[in-house]
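Engineer: Going down the list, the protein sequences come from chains Z and C. Sequence positions in the first sequence follow full-length UniProt numbering and run 1 to 223. Sequence positions in the second sequence follow full-length UniProt numbering and run 1 to 482.
FYI, nobody ran anything at the bench for these hints, they're computed from the structure. Computed from a prediction, not measured in an experiment: that's the story for all the values here. Where is the CB? At the ideal position from N, CA and C, for every residue including glycine. One or more of the hints may lead you astray.
[Claimed, not checked] Not everything, but these chain C residues come out facing chain Z in the computed CB check (under 8 Å):
id: 1; residue: GLY90
id: 2; residue: GLU94
id: 3; residue: VAL165
id: 4; residue: LEU172
id: 5; residue: THR195
id: 6; residue: ALA199
id: 7; residue: PHE423
id: 8; residue: LEU450
[Stated by the list, open to error] Far from chain C, by Cβ distances over 12 Å, these chain Z residues were calculated:
id: 9; residue: VAL35
id: 10; residue: GLY64
id: 11; residue: PHE69
id: 12; residue: HIS79
id: 13; residue: GLY86
id: 14; residue: GLU120
id: 15; residue: ALA126
id: 16; residue: LEU160
id: 17; residue: ILE165
id: 18; residue: ALA167
id: 19; residue: MET174
Now for the letters of each chain:
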Amino acid sequence: MGDFAFDLAHLLSGLMVVVSMVLLYQDRLTAMLNVFAAHAMLLGAAVGWQAEVQGAGHLWITAGIAFVFKGIVIPTALHAMVRRLGIHREIETVVGVGPTLIAALALTALAVLVVMPATEYANPLAREDLAFALAVVLLGLLMMITRRNAVSQIVGFMSLENGLILAAAGAKGMPLVVEVSVAFSVLIAFIVFGVFVFRIRERFDTVDIGTLERYRGEQQDGA
Amino acid sequence: MTPLLITPLIAVLAVPSLAVAVLVMSADYRISAALNVGFSVVSLAAAVWLLIEGPFVTELFLVDDFNIYLVLLNAFIGCTTAIFSAAYIGHELETGRLTPRILGLYHAMYQAMMGAMALALLSNNIGLMWVGIEVATVSTVMMVGIYRTPQALEAAWKYFILGSVGIALAFLGTIFVYVAAEQQLGGGLASMAWTGLKASAATLDAGLLSLAFVFLLIGYGTKAGLVPLHAWLPDAHAEGPTPVSAVLSGLLLNVALYALLRFKIILAGNPATIPVGPVLVVMGLVSLIFAAVMLYRRSDIKRFFAYSSIEHMGIVAFAFGMGGPLANFAGLMHMTMHSLTKSAIFFAVGHIAQVTHSQRFADIRGLSVSHPGLAVAFAFGVLAIAGLPPFGVFVSEFLVVSSSFARQPLLAVPLAIGLLIGFGALIWRLQDVLFGTPNPAYAPRQASLLPVYVHMILVLVAGLWLPDPVRRWFETVAAQLG
């Protein structure tokens, strides 16, 4: 049991890192949303497995929220939004795919190199999970930096939060308060983001964040 | 734990929650502005009650010398800002910059932010504190974007992205602290309680704690506006409504710094962890000097004072990084004095922007001729924040500099240079605003300056004579901070 529990937990969180990388080179919004749905469903499975192994009933709720809410509800809503805005082909990257993926590999290596020595005495099940979770967080950050489209920034941020929940689930016995609050914050964040996307669209006829830069107050400065 | 002790705590947290529920439904802006003031006054009364009941600890909440004074300061400034906000919003409606429809949301978000900050300050649980700061961030995002202009949307978007990423990294740091504690304290709520973490700090895994602090520093440091994590701050201050600028500068920055200091106490309890002090000293000095230099290039009055807030958070971070009873005392006092003075300045700036119809220094001239009362109030605020005696900011800055001379004389040099650069910019801009020929188009508005004067009198009194209980209070907390 011990070895199998260990291996499956690794497989699931490792897969999340891989899917995070896949997210990075999507060039169409619809495809990106599908990959994100897979990311969230993997999170659901990973958290569910932690619930089983740790015997922590409350983690099933977190797994359910990840699977249903982030894996199904939010991608569906974002698909609808993308259709309504007619932007399914628009992805503006700041950095090319090659350099992005090399950066992604470097960040993953960094996550492992940073976490493994620091967690020498921690629960081994939590240890690798934390390393992978940090990698997912860093890849989410990278995605937010390399994309200028508002919808892809939302997806980058949510994949970052998936990494946080993976880390929280790996930390044995972490109280429920936190998981639920994270789920709620995602909900709130989503509403806020959604509102803003529509507002930006109303104002500028685009969701390219680059357009906003024209309006930066700083440019009036220096007089 | 007797129920009597808990009651004021429940009141402090429940009043804003109730207020949110009521204000979301309120349709008339006059009623909602009045309700906002009313709820803020009740919150202030609850905070005073909590102060009287004194320190106690429960599983989820903690009231001690450190947080109670911040809770009281928050409730007080929250109250005066609500009073200022009522007048300010009325004028914004007249000029059509805001619509009555949106004000229910505005007032509800104001109370949500106040409640979330109280939760963050009072929780004895690092997860719950994180929730408080997250909710405060989201509610201020909504308020920053309320004008719906392209600039406001840009500012809100930037604030949201940077704030969320920061807060996400802070959560990761929180998880690492938990993992470190779980090995010793056995998981569950006990491993997330400040009291437990502090008591067993020496036995926790130093490597994990150090790693956690890196994330906590980036996360909460972003919220505290420390350079180089400050990018959201000037935009959010400049484009949001002025009452929001006042509470952002006066309160939210403090709460983020408070969170960092709590973690600093834990790390200080474990000699094998990375030294936190030098990191804070460096970030503080960089913030101070960078912001002081940037002051000269600002042409927008709200952006100018936003950079001044970065400068002062730098001074506070420097003081706490230096450590020791005197520097900590100075840091605590500076935090308080800055909050009171900066929110008063933003009140005055709000009135100035309304009478001159502009936030640009180029359009603001000769207020001492056209609006003498407003000019005097503004001048008091700016002279105080510039660090001139006899105001309280002078005393705290003097203490920071002298404690630095006593401990690390070499560091006092850049500190003093930064303070002087900032001083020059403030006096230069003050002259611009006060003197010259006023534009005849300025609105002849009679502003209520009561909140400004209340704050300035407190700062003045603190500069001349710090009451004994307050002094002892600062000393106790300063000793606790190590």
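Engineer: Now look at each hint and say whether the structure bears it out.
Structural biologist: Hints and how they fare:
Hint status for GLY90/C relative to chain Z: violated, with the closest Cβ pair at about 25 Å, above 8 Å. Checking GLU94/C against chain Z by beta carbon gives a least distance of about 24 Å; that is not within 8 Å, so the hint is violated. Because the smallest distance between the Cβ of VAL165/C and any Cβ of chain Z comes to about 7 Å, under 8 Å, the interface hint for this residue holds. With 8 Å as the threshold, the beta carbon of LEU172/C comes within range of chain Z, its nearest partner Cβ sitting at about 6 Å, so the hint holds.
Taking 8 Å as the C-beta contact cut-off toward chain Z, the hint placing THR195/C at the interface is violated, the least distance being around 16 Å. For ALA199/C, the interface hint is violated, since its Cβ never comes within 8 Å of a Cβ in chain Z; the closest pair sits about 19 Å apart. With a cut of 8 Å, the hint placing PHE423/C at the interface with chain Z is violated, because the nearest CB-to-CB distance is about 21 Å. The restraint placing LEU450/C at the interface with chain Z is violated, with a minimum CB-CB distance near 30 Å, outside the 8 Å limit.
Residue placement check: VAL35/Z keeps its beta carbon more than 12 Å from all beta carbons of chain C (closest about 20 Å). Listed as a non-interface residue, GLY64/Z keeps its Cβ farther than 12 Å from every Cβ of chain C; the least gap is roughly 20 Å. Distance check for PHE69/Z against chain C: the nearest CB is about 17 Å away, which clears 12 Å, and the non-interface claim stands. Distance to chain C confirms HIS79/Z as a non-interface residue, since its nearest Cβ pair spans about 22 Å, more than 12 Å.
Non-interface status of GLY86/Z relative to chain C is upheld: no Cβ of that chain comes within 12 Å, the nearest being about 21 Å off. For GLU120/Z, the shortest C-beta to C-beta distance to chain C comes to about 7 Å, within the 12 Å cut-off, and the non-interface label is violated. For ALA126/Z, the requirement that its beta carbon stay farther than 12 Å from each beta carbon of chain C is not met, with the minimum near 6 Å. For LEU160/Z, the shortest C-beta to C-beta distance to chain C comes to about 6 Å, within the 12 Å cut-off, and the non-interface label is violated.
Listed as outside the interface, ILE165/Z is inconsistent with that label: its C-beta sits roughly 10 Å from the nearest C-beta of chain C, within the 12 Å cut-off. At the 12 Å boundary, the C-beta of ALA167/Z falls inside the reach of chain C, the nearest C-beta of that chain being 5 Å off. Distance to chain C contradicts MET174/Z as a non-interface residue, since its nearest Cβ pair spans about 6 Å, not more than 12 Å.
In the structure shown, a violation is registered for the earlier hints numbered 1, 2, 5, 6, 7, 8, 14, 15, 16, 17, 18 and 19, in ascending order.
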